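Trainee: Once you have looked at the hints, place chain Y on chain C.
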Amino acid sequence: MRLIDPTKNYTVRKLRLDARDCTKIENEHYHELSPDYEKMISVDAEAYCKDYAGKVRCFRVRVSAFYNCHGLTFANRRTCIHDANVVRLIIERDGYRKIDVFRDPIIPGDIVLYVAADNDIEHSGIVVGVGEKQPPLIISKWGTGPEVVHSVDRCPYDATRIEYYRVTT
Amino acid sequence: MTRRKVRNRVKKKIKPRRSPLVRQFGFAHPICVVANTPAYLYKHLRSRQEVFDVAKSHTSAELMRLLDRLSRRPKGDMSPAPVYVYLAALSFKPSKEIKGFLASYQPEGVKWMPEMRGLVLASAKMSPSTTLSYAQAAPDAGSDYEATFQNFEKVVK
Numbered sequence: 004m005r006l007i008d009p010t011k012n013y014t015v016r017k018l019r020l021d022a023r024d025c026t027k028i029e030n031e032h033y034h035e036l037s038p039d040y041e042k043m044i045s046v047d048a049e050a051y052c053k054d055y056a057g058k059v060r061c062f063r064v065r066v067s068a069f070y071n072c073h074g075l076t077f078a079n080r081r082t083c084i085h086d087a088n089v090v091r092l093i094i095e096r097d098g099y100r101k102i103d104v105f106r107d108p109i110i111p112g113d114i115v116l117y118v119a120a121d122n123d124i125e126h127s128g129i130v131v132g133v134g135e136k137q138p139p140l141i142i143s144k145w146g147t148g149p150e151v152v153h154s155v156d157r158c159p160y161d162a163t164r165i166e167y168y169r170v171t172t
Numbered sequence: 363m364t365r366r367k368v369r370n371r372v373k374k375k376i377k378p379r380r381s382p383l384v385r386q387f388g389f390a391h392p393i394c395v396v397a398n399t400p401a402y403l404y405k406h407l408r409s410r411q412e413v414f415d416v417a418k419s420h421t422s423a424e425l426m427r428l429l430d431r432l433s434r435r436p437k438g439d440m441s442p443a444p445v446y447v448y449l450a451a452l453s454f455k456p457s458k459e460i461k462g463f464l465a466s467y468q469p470e471g472v473k474w475m476p477e478m479r480g481l482v483l484a485s486a487k488m489s490p491s492t493t494l495s496y497a498q499a500a501p502d503a504g505s506d507y508e509a510t511f512q513n514f515e516k517v518v519k
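Just so you know, the sequences run in chain order C and Y. Each number in our numbering corresponds to the 1-based position in the first sequence with 3 added. Each number in our numbering corresponds to the 1-based position in the second sequence with 362 added.
Extracted from the complex, chain C is given alone in its bound form:
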């Protein structure tokens, strides 16, 4: 599906995306950014990269409006998922199981969700590394900004309530 944005700053597209049980997943991504708009988000994203340089493992992508964190985690970098309820729907329909970190060790491939006090899922990522006595290393996308490999507690999102999930079947 393709919707033309009237301002022409970008074109909004929606992918046909389904959960495992064929439930429709709401999503949208942005194409054909106007040069001014692209520059604007590049400068803001670059400022973030500067702020976090040295604090994170690496930046894989500096800026991209194609996908956001939930799009990286649940849609393979193809689109943006903005709604926390949609993320919950995916968790439920795709058969994710919440991990009790005190019983089950975190392993690479697990999903991490940053849940805010109001139950909004502010951020998500994929565990890519675990070490002894170290917080897990994750890969995540920061809005329209950079895609970053970072320690789970080193990001602009509130890491006080973190939940881990795993697909086991």
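A few of these clues could be false.
DSS-like cross-link-like pairs, simulated, lysine-lysine; straight-line CA separation at most 30 Å [to be verified]:
id	chain 1	residue 1	chain 2	residue 2
1	Y	Lys418	C	Lys27
2	Y	Lys458	Y	Lys418
3	Y	Lys473	C	Lys17
4	C	Lys136	C	Lys53
5	C	Lys101	C	Lys27
6	Y	Lys473	C	Lys53
7	C	Lys42	Y	Lys458
8	C	Lys58	C	Lys17
9	C	Lys101	C	Lys136
10	Y	Lys455	Y	Lys473
11	Y	Lys473	Y	Lys461
Pair by pair, the computed Cβ-Cβ distance ranges are [what the hints assert, rightly or not]:
id	chain 1	residue 1	chain 2	residue 2	range
12	Y	Glu424	C	Asn88	30 to 36 Å
13	C	His34	Y	Lys418	38 to 44 Å
14	Y	Pro476	C	Arg164	24 to 30 Å
15	C	Phe105	Y	Gly388	41 to 47 Å
16	Y	Ser409	C	Arg169	20 to 26 Å
17	C	Gly57	Y	Pro456	45 to 51 Å
18	Y	Arg410	C	Arg106	36 to 42 Å
19	Y	Lys418	C	Lys58	18 to 24 Å
From chain Y, some residues computed to sit far from chain C (all C-beta separations above 12 Å) [unchecked claim]:
id	residue
20	Tyr404
21	Lys405
22	His406
23	Phe414
24	Ser419
25	Phe454
26	Ala486
Rather than coming from a laboratory, the hints here were simulated on the basis of the structure. Just so you know, these numbers come straight off a predicted model, no measurement behind them. The C-beta atom is built at its ideal place from N, Cα and C for all residues, glycine as well.
Mentor: The following block gives chain Y in isolation, referenced to the frame of chain C:
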């Protein structure tokens, strides 16, 4: 040409032209960039002192006029940050004053407008005409509450 000059040139090249309005709301840009959900954007903007100051220094009518002007701005000024800031500021105003305006406000290029509308209205102050009714609970004889109260009276005497 020295390396520094080259670097400065490159920097100048990628720096977009920004209107005073966009520069004024510079604090909001990083929040807009990393926001993955509308709720994150709204919460983080609303918690900023700058947004509270905007709300304090403008009446509802002034904020609505500013938002209206932003929806008719030229295409070069496409940052949605000022719109989000004014919307967050509007949430500190009585819902009665802003409800009608928000229902019809449709700025171009603001992707999370429907979600922001809901969030602003949910946290806007109830109008003074709203009355809360509740059943008055009388303490039972011999309840902890009464006992405490009696003790208090004894102490006062």
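Trainee: Among the hints numbered above, which are violated by the structure, and what are their numbers in rising order?
Mentor: Hints 1, 7, 8, 16, 19, 20, 21 and 22 are the ones this structure does not satisfy, whereas the remaining hints hold.
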